[in-house]
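Student: Put chain V on the given structure of chain U with help from the hints.
Going down the list, the sequences are from chains U and V.
The letter at position 591 of the first sequence is residue 591 when you use the working numbering, and the numbering goes up by one with no holes.
The letter at position 268 of the second sequence is residue 268 when you use the working numbering, and the numbering goes up by one with no holes.
If you're looking for bench data, these hints aren't it; they were derived computationally from the structure.
Glycine included, every Cβ here is placed at the ideal spot set by N, Cα and C.
Fair warning: there could be bad hints in the mix.
As the list claims (entries may be wrong) - Reference excerpt, derived from the structure (chain U facing chain V, CB under 8 Å, subset only):
1. Phe35
2. Ile475
3. Arg646
Stated by the list, open to error - A few chain V residues that don't get close to chain U, going by computed Cβ distances all over 10 Å:
4. Asn124
5. Ile212
6. Trp246
7. Lys251
8. Ala259
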Amino acid sequence: MKYCILILSFFISVPVFSQSLLKGVVKDSNDNAVFAANVYLKNNPQKGIVTDLDGNFSLSINNRTDTLIVSFIGYNTTKIPLYSVSINEFLNVVLKEDSHTLAEVFITARDPISEKFSVVKLGKLNIYLNPVSQGDPLKAITSLPASTTTDESANPSLRGSSADRTRVILNNVPVYNPVRNSQINGIGNFSILNPEIINKQYVYASNPPLIYGNTSAGLIEIETINDLPVNQLQLSLSLASVGAFLSQKIKNKSFIQVFGNSQFSDVFIGFNKASMKILNSFFTKDLGVNFHSNIRKRLSFNSFNYFIHEGYDVNVEEFTYSGKSLSEKTRIFTVNNLKYNTENGVLSFNSGIDNSLKKFSFGDIVSDNRTNQIFTSADYKWFLSKNITLQSGVSHDYQRSEFSDSIPVYYYALSPESPNYHADTTIFNNILEAYLYFNWNINDKWTLSSGMRSNIPLNSQSFYLSSQMGLKYRINKNQSFLLSGGKYHNYSTPNYYSKKFILLSSCQFALDYSFQYKNTSLTAATYYKNEKGEQIINFFYSVDNQSTFGIELFYEQSFRKYFKLTFSNTFINQTGKINNTSFKGEKDYNYFIKTSLNYINPKLFSLTLAYLGRPGDYYTPVAFSFFNNQINFYQPIFSNDINSSRYRAYNRIDVSISRYFKFNKTALITFASLNNILNTKNESRVLYNSDYTETHLDNFELRTIYFGIAWQLNY
Amino acid sequence: MTHLLIILLFSVNGEALDEVNNIPDNFNISPINKTEISNCLAQSDNFQSDSLLVDIQSKIYNAFVKDRISQKNNALNELSIQLETLYKTKNQNLILYWRSYLQFYSSINYLSKGDTRSAENEINKGIELMKSIEKKNSEDYALLAMLQSFSIQFDNSNAMYISEDINKSVNSAISLDSSNLRAWYVSASSDFYTPEQYGGGKKAEKYLLKAISLPAQRIQNGYLPSWGKEESYVLLISLYIQNEKWDLAKKYFQEGIAAFPTSYQINQLSSRLAGK
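So that you can see chain V by itself, here it is in the shape it has in the complex:
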């Protein structure tokens, strides 16, 4: 996680890199693929008055980056208030989804500043929001699993219960839509960061290969999530590097960089592949 945060910060501001050491190494975040979104916007020629939610994934990410630079939480807070206000008038589950997604970034923001208490509060708020959705779809479960995975670091004594919850969420996400790449990515991520003696690290490769074979969205849609594919490449390449499978690492590095040419995270991995 630390290196990913550094990457993100570096991409917007080469400074302020020294406060990220508190972030655990088990989270992978990246900006949304801009090409996909612009395609999506181009094809949807009739966006109506829902401007706040258009390209909301990028808006949240940009607010996060802005807050990282300013060392405050203003941009995310402002966006959170706007989403909350909108939800009061338009009772749509998708707004809850993005509010939860924002809580995830807000939690990372606090954690990077060493404020563990607020980070825990923020992620728990995100989990509560997701749990409040009555009929969850595959995307809802995938995000819930991601938030639950992130929350485990704050509550070790209940780690076994949270792990059980994560497994349930991941299984529901996959069973509801086996073509949802985020479901496979979260599942792989959970396996990747589970220590080998507890059965982890065995299925991550299979799940990540599945994730990268899937489209970010079946039909491009600026209101809906598209995260996960770039993260899947980063995790897959890292997995091969960790297991010293250099040929495979290079192969997927090439594939990843072709799909995400501007990805700083994938580019960063090139230094670890040099000379192998």
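One chain only, chain U, in its complex shape:
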């Protein structure tokens, strides 16, 4: 009997002896402990436990045929058959982020490595609610204190530099001349970009990040949307245009956006006859397609394609000739990006093709300009650690410009009867560059970035090396300082006056301060830059050395629920140099005030009153003239004192109003704007009579009214 009891007790005790304690730790792929992860057995979930703050767990096991399950929010559930585990062994469980979390991480990884060093970041809403943007992404920039665009165009000029030194980058690809209705001098009223395709727009007012090349002033980095929240159809009709915009989701978070506009001038000119005396007609027809596809979990493709055909007919006075200026331009460009997210980085291939043909005529000038640009680049952003990111890449930018021109023999004799000659000019440039850029978040307060970019000289080019360093100090969550400096290079964009690619350079230092607390924002900046390289302004004027010192101040205050006041002022001291002669720079301003009062009440309407005031631009007057009897034209002799005269102060007040009506899935937006409401005759150019003894002045835009309506369907 004793033996029976012994044998029985042996069998009874088997399950007791087989019960063991499994100990282990749960970590993520970065070796961080996962706290509060569920650890349980598949067939006995009630006996589950939760990991502690160090990711540790210990679980009683009594059945080696069961399966251990470890799960936590945002991670793939891990299943481990118990037979494969040694009970005495300390178990290390590594949880991997699930695909949805990874997708979120990939979206974050898309942010530019230099993001912290941009002065301003604008979203779609910022563009629409901007007091002066009129819904145009690049015009929105003109309200910033750093914008020194003075020609009422959308082509951005930052901190006193010429627009040709500033680059607009769309999805890692430079877009040269990003404006519509551009004139012979490159001035354009609106940009070619539609805010509906834009996710973020970063503005680097100084020290452009060297992940991009070919800029020696500032940089506007535009990123198209990577997620479409809702399907939308938008139809719009205004005084000067009719348009449609369709955003349509396709499966797997892919989407397509198609838009087209036709711009016409009759109604707009009819409404603004008194202010549009020189404008006879204009037209634009454009079509854009933006396609985004998430090919695989880690692989995405974006293609933006744009076609535009535009033209204008305007009466122009140049020197002593007055006549019709006709222009017509056809342009097609495409920007394509392929991105692959690796475990700890992002690999991207980018390409851009931009072709255009522009025909222009005025007096004895006839110009056909065909341009081709092919841009390709490959970049890799590598997240070396939680705090250090490294980016490197190569780019090749091929630009070709073909001019077929009838050029005046005498630049001041422009009548159709005046002598001219024909010249065919073809120029091209290859810019092959490589760069390295790193960003180090030293701690919560300090971030350091540095970059180097050099060309690989081709076709007898000179070697150059651009380099930069930036330091950001975050005092607290409300305040930060940004100190940056560097040396930069770019090639000028050829135009009718300058048919060559000229290497330009700049040396810049800037200190930016930002404060934000509740409803108050304050930014201040001071900067100095020295720009070198021959920069041709027109036939008789070019600058080869320019230094600029500036101070900026911006204040924004929201108050009484719906009101917002903005005020900015900029002081710029600019000196130009030709050979050893110094003179006042064109953008030398004691003040440059931009202020706006906004009332934004979604239940009623939005109203904006904006004022811009600055001293007039400097110009070089004609000192005297003599008669050229060969052609019966007076030849002007310009004063030796460059920029010795100045236009009267520029003042302009604009008002705009919009109302948003929402009806279930549809919405109606009505908008109207009255520009230059005081009809101030702001002087833009000095003009002369036939012997240059009398002057009169050309003006910037006079009072104009514009209104329209847009209908939206969200589905």
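Tutor: Positioned in the frame of chain U, the structure of chain V alone reads:
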């Protein structure tokens, strides 16, 4: 919101009801379901030394109630300090989550006392904490959306920007985990309180039905959030009452009261259904 605060106060102390009028009508808060937590504790037989975080949702709520009674902010402050201290040694995102959650209650506490400035500071601090989490999961986004929705009352001039942020947070919460009932609840809440002329009130019903069909937690876990289900019932019944859909209101009242028999908020709605 006012009536919800009254309910909460009444459940712990029938007095001190007259200071709650400053709370906006767009927030729904309730204590955690005690039954769920006790189940959770029972099944987790090996809780270790992380006692502060065990049942932390209830601890925050209880501190809030205590402060409401005392008319101070001591209990929440004390708990906040403890969480902050713990975070310094254990750098876990979940601690940030609960610190943010606490900020939400702290903001309500100040608001009910008429101290709008402090209420705004508290909710903004909560939003900052959530934003500081680098890799947010669905729960993080859901809480962030709730805090952002609450903050909109303090900053009308930026309401459009905040609405955009709320939509982004809600969409991220749902896309990361479509079975997270809090994501659906916050989404419904946002829609419910958006005026009809701006497209609001159309999707709340669908989202709330989705929310109540989901479990408070997939696997019960005392460290993780479980709020939202009771609030979803309250909002759904209120929606039907508002639209005079009495049969549906009664149906979900019955279902809600069966799931949360001690819920004062759901019980309170019975008076509005009487005789319908």
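Student: Each hint should be assessed against the structure and marked as holding or not.
Tutor: Here's how the hints hold up against the structure:
1. Restraint check, Phe35(U) versus chain V: the minimum CB separation of about 5 Å is within 8 Å; hint holds.
2. At a threshold of 8 Å, the smallest CB-CB gap from Ile475(U) to chain V is about 15 Å, leaving the interface hint violated.
3. Restraint check, Arg646(U) versus chain V: the minimum CB separation of about 39 Å is more than 8 Å; hint violated.
4. Chain U draws Asn124(V) into its interface by the beta-carbon criterion, the shortest separation being 8 Å against a cut-off of 10 Å.
5. At roughly 20 Å, the least C-beta separation between Ile212(V) and chain U is larger than 10 Å, which holds for a residue marked as non-interface.
6. The Cβ of Trp246(V) sits about 25 Å from the closest Cβ of chain U, beyond the 10 Å cut-off, so the non-interface label holds.
7. Every Cβ of chain U is farther than 10 Å from the Cβ of Lys251(V); the closest lies at roughly 26 Å, confirming the non-interface assignment.
8. Listed as a non-interface residue, Ala259(V) keeps its Cβ farther than 10 Å from every Cβ of chain U; the least gap is roughly 21 Å.
Hints 2, 3, 4, counting from the list given before, are not met by this structure.
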